[in-house]
Amino acid sequence: MAEYASSDDEERYQYYDDDDDDDDDVDVDGGDGGDEIVSLRSHGCRPAFKIITKESLMAAQEEDLRMVMDVLSLKEHVARTLLIHYRWDAEKLLEVLVEEGKEKLYADVGVTMMEHGKHIMSRFSSVVMCNICIEEVSANEMTTMDCGHFFCNTCWTEHFIVKINDGQSRRIRCMAHQCNAICDEEIVRNLVSARDLNLAVKFDRFLLESYIEDNRKIKWCPSVPHCGNAIRMDDPQFEVECSCGLQFCFSCSSEAHSPCSCQMWEMWAKKCQDESETVNWISVHTKPCPKCRKLVEKNGGCNLVYCICGQTFCWLCGGATGSDHTWTSIAGHSCGRFKDNEKVKVDRAKRETYLVRYLHYYNRYKAHKDSFKLESKLKETMQAKISNLEDKQCICKDFSWVTNGLSRLFRSRQIISYSYPFAYYMFGDLIENDLTKKEKEIKKNLFEDQQQQLEANIEKLSLYIEKPFDQFSNDEFMELRMKIITQSVVVDNLCSKLYECIENELLGSISGETHIIAPYKSKGVEKALELSVCRDMETSNTERNSG
Amino acid sequence: MQASRARLFKEYKEVQREKVADPDIQLACDDTNIFKWTALIKGPSETPYEGGVFQLAFAVPEQYPLQPPQVRFLTKIFHPNVHFKTGEICLDILKNAWSPAWTLQSVCRAIIALMAHPEPDSPLNCDSGNLLRSGDIRGFHSMARMYTRLAAMPKKG
Ligand SMILES: [Zn+2]
Ligand SMILES: [Zn+2]
Ligand SMILES: [Zn+2]
Ligand SMILES: [Zn+2]
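Keeping their order, the protein sequence lines are chains H and F. Anchor point for the first sequence: position 236 equals 236 in our numbering, and the numbering is continuous, going up by one each time. Heads up, our numbering is the position in the second sequence plus 1000, with the first residue counted as 1.
Hints are not guaranteed to be accurate.
Some chain F residues close to chain H (C-beta under 8 Å, calculated; not the full set) [unchecked claim]:
#1 A1006
#2 R1007
#3 A1059
#4 L1066
#5 W1102
Covered stretches of chain F, as calculated for chain H (at least 3 residues, CB under 8 Å) [stated by the list, open to error]:
#6 1008-1014
#7 1034-1040
Keep in mind that the hints were calculated from the coordinates and are not lab data. Computed from a prediction, not measured in an experiment: that's the story for all the values here. Where a beta carbon is used, it is the ideal one built from N, C-alpha and C, also for glycine.
Please model the entire structure based on the sequences and the hints provided.
Below you can see the structure in the form of structure tokens.
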């Protein structure tokens, strides 16, 4: 149960040294699973994100409750009230306990620890008056709460039903005037289930959900339709992948959007909605071939488009790239760079400038998004290629370089697409006004150089990966394998450099509020792991459920 | 529903007994509807409401006493916690601080207490709240007194 002593506060718990530096273990091989057996007693290797499923929800909650109940020797409902008040941050609760004492802790939460026996009804009288219904009721039809107030079971039951239906399951107070005591959950459960079994179930569900909804460290997975999972975060990292596959930002619950900050992403998402009509008629899903003017649909993940007339051109800017145009030379292709006077004549209306600027970033953002969608389909094609090769007894038995290359491609494609809304705000309204025009220009160029390098190398990786390597000769095959491995490393480094550039050179120049971006992880967005449940926790649950 | 009827019936009987005990409150139940009550309360002494008799209307919900009754002034009153037009009352026990242990009788007592001790920080009547908050007690008193005289006192002649 000492679980809580570790997680966040490493400085204070130096002896868990191996728990630190989760951010730096880039090189640690993803040996998932094996060493991740998390029990309540061994807490050395707790991962940052954990998935809480419908099944593990009870256990996760119980774990926290039990801890507080043990430390303070409290009943479950009191522990729950305390924890809800501290948004299920048990460490915080214990901190207050240690620093300010029990009385202060209880007083803050409004839990009154009344001495027992204060109002205990006379044990000798067999009939007692209930102050709510003003009815004489036999003593065994009465229930006394912890606070000592007693009323008849019918009145209690009615009270509970009203409160549960009101959505107040988390804090059902005693019926007595000005009594702050929280009703014992066991009593609520028993009395309500005698009247309405469904409502008792609902009560339990509300209590369980509080564990997620009132919890500072837990968020529902934002998947639609909802996968049923919630994610618990112990480290302040920002992006996470749920077991349903959805990657999302832990702080704003929208899609994973780094290197955009949450604020930028929110503005961008809203803007894209507002502008979508304008954009729709300008940015069509096809582009005219620069040679034959035939409309060409994007035919692959990479941004080099082939027209049936034989012309190749860049999807991003629509410019012809010529037949002798190779991918190494398109690396110098500078269409990702927006030039303010490129298309905009001085006399154009402001709105038009604004729109052109927006479209510049939007189109590139969108193009990479579309590439991502197309490339997502590569997963299956790739699997087919691999099994093809396995049948052929290929010289190479290990295909991790394909899968690694593919996930590198996916991740970097996401990053490059979000780098456009980032740039839109960074070099638009957000940049500090004190900077001289020249300083701004330098920063912008620095960023755009990084961005273009990354962009070109992503296209290169995409091109390699789409090659029909299952048809290749051994030599060709080994050569491509090497290329993909190298290219993956190049892309990884460039992503990391882009984030570095943003964090070190750019975010500081944003005026006003602080923008934080999720750190770049070489491994990709952190996958949340299933919360494993301790064995005796499981048994205690089953006992409870059957009882 | 049955429970609320039973309880209201008990309160009714209780009221008959207590009439003598509390001369400041006169609770009466509608002849045809046990969920509709009215009360006449006397303005507390040493307040601008002294000498006035104020009528309250109670609408009791079916889930009474688990949920509070709705109470409003039928008599016009100038008071920071009473809506000047509708007579609605801003009183915590009629909202989140309600406890089923309260009765209509004790609600009346709480309202009398509120008349004696207004809470200018949660005003339903902004004018009167502002007068009190700005420290213009005299201004508040004269307004409250005027309305008491106009609305809550038997007309002479
Ligand atoms: Zn109590
Ligand atoms: Zn009762
Ligand atoms: Zn999910
Ligand atoms: Zn976010």
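Now the hints, each set against the structure:
1. A1006: 6 Å, holds
2. R1007: Interface hint status for R1007/F: holds (5 Å vs cutoff 8 Å).
3. A1059: 17 Å, violated
4. L1066: Where the cut-off is 8 Å and the nearest Cβ of chain H is about 4 Å from L1066/F, the hint holds.
5. W1102: Interface hint status for W1102/F: holds (6 Å vs cutoff 8 Å).
6. 1008-1014: holds (count 3)
7. 1034-1040: With 0 residues close enough to chain H, the hint is violated.
Checked against the numbered hints given earlier, this structure breaks hints 3 and 7; the rest are met.
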